[in-house]
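With the hints as constraints, model all of the structure from the sequences given.
Number of protein chains: 2
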Amino acid sequence: MSEESNGTSYRPGLVQAGRNIEEESFRIIEAEMGPHSFDPEAWSIVRRIIHTTGDFEYAQLIRIHPEAVSAAVRALRGGAAIYVDTRMIQVGLSPWRLQWFGNPVFTPAADPETHLMAEKLGLTRSVAAFRKMGERLTGNIVAVGNAPTALLEVLRLWREDGVRPALVIGVPVGFVQADTAKDALWEADRIPSITVKGRKGGSTVAVAVLHALLELAQKESR
Amino acid sequence: MSEESNGTSYRPGLVQAGRNIEEESFRIIEAEMGPHSFDPEAWSIVRRIIHTTGDFEYAQLIRIHPEAVSAAVRALRGGAAIYVDTRMIQVGLSPWRLQWFGNPVFTPAADPETHLMAEKLGLTRSVAAFRKMGERLTGNIVAVGNAPTALLEVLRLWREDGVRPALVIGVPVGFVQADTAKDALWEADRIPSITVKGRKGGSTVAVAVLHALLELAQKESR
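Chains as they are written, first to last, in the numbering used here: chain H, 78 to 299; chain P, 78 to 299.
Be a bit skeptical, because a hint or two may be false.
Short, incomplete list of chain H residues facing chain P, as computed with Cβ under 10 angstroms [unchecked claim]:
1. R104
2. E134
3. Q137
4. G222
5. V250
6. R276
Non-contacting residues of chain H with respect to chain P, defined by C-beta distances greater than 12 angstroms in every case (computed) [unchecked claim]:
7. F115
8. P143
9. G169
10. R174
11. D238
12. E292
Stretch by stretch, here's where chain P covers chain H in the computed footprint (C-beta under 8 angstroms, at least three residues) [said to hold, decoys possible]:
13. 123 to 131
14. 155 to 168
In case anyone wonders, no lab produced these hints; they're calculated from the structure.
Yeah, the Cβ is synthetic: ideal placement off N, Cα and C, and Gly gets one too.
Following this line, the structure appears as structure tokens:
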């Protein structure tokens, strides 16, 4: 079983069974990966992306801002909200991990009011969704797995409107604009970010990064 | 923008904008893929998986049963239900494609009654979920993106209980049991199936396959 929630709530027994499969998976990944230069926190993120995708190439593609993990852990432990661009990310996050620090998850693009705003301003819903959130993103976590335009809007909010998310996870997948949007996030070097080079990414990758960060936050709170 | 729904309902204008990005993405994929031996229907499935993952390796990994596409098109056009193992697949399917033939989507693992059955019988939820559906799967489509045990249960239902889904999409991702479960599906050569070799897969891949099949069903109905 991989990293996704199946949409069910917390049950310790099944969680433990899942944990054993997860540990065995991690052992296999460590063995096949061999020596690498990731620090333990970065590795825990990379390993979880590999676990979720079956794709070791992510070890070459990952980009983690030096302040990303500490900013994420601080925000999550403080109960920060997680704003995402797809319902897939929202339902993929495991409820039992989210309840450790009570982090709420929002998909503003699925909000009917966002639709009205998108129509009025002639924007795509993903862009309208994050523009509407605006200052509410400050101090919270943003995760984009699908829409490069949504990621570019978050960068614009940072640059022009002084909006300051604690962390931006930018992993939109695709062949048009996704790579350049991710490069633009990485080049905005004051923004604590986690992203990947090139075309790969997606909602399951965003979920993996968030799960890894929640685990790190829980570990440091013990 | 990739293949996922952002959880919003049908809006022709945005769908058209997405279509243009999709067509441009497909042109890039065709150009980089070069010559291949897929027939047009198989290629439309492979191309959409590449579009969703950014990963050309799926062209080497894909396995499509000779009867899979015709069985899927027939079932979808007849209004068949789609039974999935994760909420991520369910919310990733675009409502506007599903409404073409009115195909309902169910995630039995998210049903509270399934939880009771799992506890009573000492099964994981994913296994209990498909066992509970039993004969209801006959004539319908099953898609597994996460839990190899769920896929193995569907094979058992076919073998022991005479349950006959129209198509089984088996793309669980992972390092423990996922590859062998997918091999077992492929070796059950009477079952119309779509699967991949090895560890890769996941909910976004399942969504891509289903979107490709819905597009094929719609095309053939014109």
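Practice item. Using Cβ atoms only, decide whether E134 of chain H comes closer than 10 angstroms to chain P, and label the hint accordingly. Key: This interface hint holds because 8 angstroms falls under the 10 angstroms limit.
Check your understanding: Going by Cβ atoms, does P143 of chain H stay more than 12 angstroms from chain P at every point?
Key -> holds, 26 angstroms
Check your understanding: For the region 123 to 131 of chain H, do at least 3 residues have a Cβ located nearer than 8 angstroms to some Cβ of chain P?
Key -> holds (count 4)
Review point. Against chain P, does G169 of chain H keep a CB gap of more than 12 angstroms to every residue?
Key: G169 of chain H is in fact no farther than 12 angstroms from some Cβ atom of chain P, at 5 angstroms.
Exercise for review: Let me know if the C-beta of R104 of chain H comes in closer than 10 angstroms to any C-beta of chain P, holds or violated.
Suggested key: For R104 of chain H, the interface hint holds, since the closest Cβ of chain P sits about 9 angstroms away, which is under 10 angstroms.
Point to revise | Minimum beta-carbon distance criterion (10 angstroms), R276 of chain H to chain P | key: holds, 3 angstroms
Check your understanding: Once the closest CB in chain P is found, is it more than 12 angstroms from R174 of chain H?
Key -> holds, 15 angstroms
Point to revise | Residue hint G222 of chain H, partner chain P, criterion CB-CB below 10 angstroms | key: holds, 8 angstroms
Check your understanding: Does the claim that E292 of chain H lies outside the interface with chain P hold up, using a Cβ gap greater than 12 angstroms?
Key -> holds, 18 angstroms
Check your understanding: Would the least Cβ to Cβ distance between D238 of chain H and chain P come out above 12 angstroms?
Key -> Check passes; 23 angstroms lies beyond 12 angstroms.
Check your understanding: Quick check: the region 155 to 168 of chain H, covered by chain P? Criterion 3+ residues, Cβ under 8 angstroms.
Key -> holds (count 6)
Point to revise | Given hint V250 of chain H near chain P, where the shortest CB pair must fall under 10 angstroms | key: Holds: closest Cβ of chain P sits about 5 angstroms from V250 of chain H, inside 10 angstroms.
Checked against the numbered hints above, the structure breaks hints 3 and 9 and satisfies the rest.
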